[in-house]
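Construct the complete structure from the given sequences, taking the supplied hints into account.
In case you want the letters, here they are:
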Amino acid sequence: MSGRYAAFVIAAYAVSAAAFAWMIVDTLVRARRARCRLEKLESARPA
Amino acid sequence: MIATLANPYRFMAVSRWLAPLCGLAAVVLIAWGLTLGLAVPPDYQQGETVKIMFVHVPAAWTAMFAYTGLGAASFSSLVFRHAVADAAARAAAPLGALFTLAALITGSLWGKPMWGAWWVWGDSRLVSVLVLFLLFVGYMTLRASIEDEAKGARAADILALVGLINLPVIKFSVDWWNTLHQGESIFRTGGPLIAPVYLNPLLLMGAGYSFAFLALWLTRTRAEIRLRRASVLAMRGVA
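Protein chains in written order, with our numbering: chain C, 1 to 47; chain U, 48 to 286.
There's no promise every hint is true.
Label pairs and their calculated CB-CB ranges [unchecked claim]:
1. U:V184 / C:G3: 29 to 37 Å
2. U:E231 / C:I10: 24 to 32 Å
3. C:R33 / U:M187: 13 to 21 Å
4. U:G199 / C:D26: 19 to 27 Å
5. C:I10 / U:R128: 41 to 49 Å
6. C:A17 / U:D90: 16 to 24 Å
From the structure, some residues in chain U lie toward chain C, with a derived Cβ separation under 10 Å [unchecked claim]:
7. T96
8. V102
9. A138
10. F146
11. I272
12. R276
Hint data in this document are derived by calculation from the structure and do not stem from the laboratory. Owing to the predicted nature of the structure, the values given are computational and were not obtained by experimental measurement. Beta carbons: idealized from backbone N, C-alpha and C, even for Gly.
Written as structure tokens, this is what we have:
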């Protein structure tokens, strides 16, 4: 990527990549936390 | 289909395989779209900045798709009191806000070299998309700010439903008012105005973004349902 407007194009793709990275990481962390919490409570339940 | 998914157990069973499938479709479509999109020739007017379109327009489409999902889930939650719908509404809002923010920032990065301005307050398309972002943020803030969770959810659902009026405003803003933003050039009667060399990667990216949203939405909704189940178990344990 070169030319007069390269910085704008690169910045736009970087912003999009950062948005996706945040959404994916945050979603996976939430999913893992919820699963662990539920498993912990379910295993502590009396049979 | 919706009635089937309103059952949390059925939703968990279906979303278990549907979420990774949507994720896989997103990866394939976005990779394909990027491969084509980054290789397009510079536009005769926009030059290299035409490539911003491949991340800006799909983000804007997905933001509107996310708000439609939020509105539908809020309606189901408010009218039918479906627990899954409430979880889905809550899960959609942060994703929608981020897609809208990405659309606003990438649009601004296109506007500066093409219009000579980062932002134009008089432009109805820009302002209506900013309103969409504020609606997502408002939904999350309203839910979080009311201590009684049920009341907070109800107030936020009403806000989401009122905000649905903004979707046709965004879509038709370029037809109803004079704006700097270009007019409708894809979903119009008479066919798209964009050359296939630009249209194909744009549609692939649009589909890829939509599948990515679906994968993330389903995963977050699953997490929300698990957290609610955990809260019930924790309360029973305390009692």
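Do the hints match the structure? See the list:
1. U:V184 / C:G3: 29 to 37 Å: Check passed, 36 Å falls within 29 to 37 Å.
2. U:E231 / C:I10: 24 to 32 Å: Hint holds: Cβ distance 28 Å, inside 24 to 32 Å.
3. C:R33 / U:M187: 13 to 21 Å: About 18 Å separates the Cβ atoms of R33 of chain C and M187 of chain U, which means 13 to 21 Å holds.
4. U:G199 / C:D26: 19 to 27 Å: holds, 21 Å
5. C:I10 / U:R128: 41 to 49 Å: Distance hint for I10 of chain C, R128 of chain U holds at roughly 48 Å.
6. C:A17 / U:D90: 16 to 24 Å: holds, 23 Å
7. T96: holds, 5 Å
8. V102: holds, 4 Å
9. A138: holds, 9 Å
10. F146: holds, 7 Å
11. I272: holds, 8 Å
12. R276: holds, 6 Å
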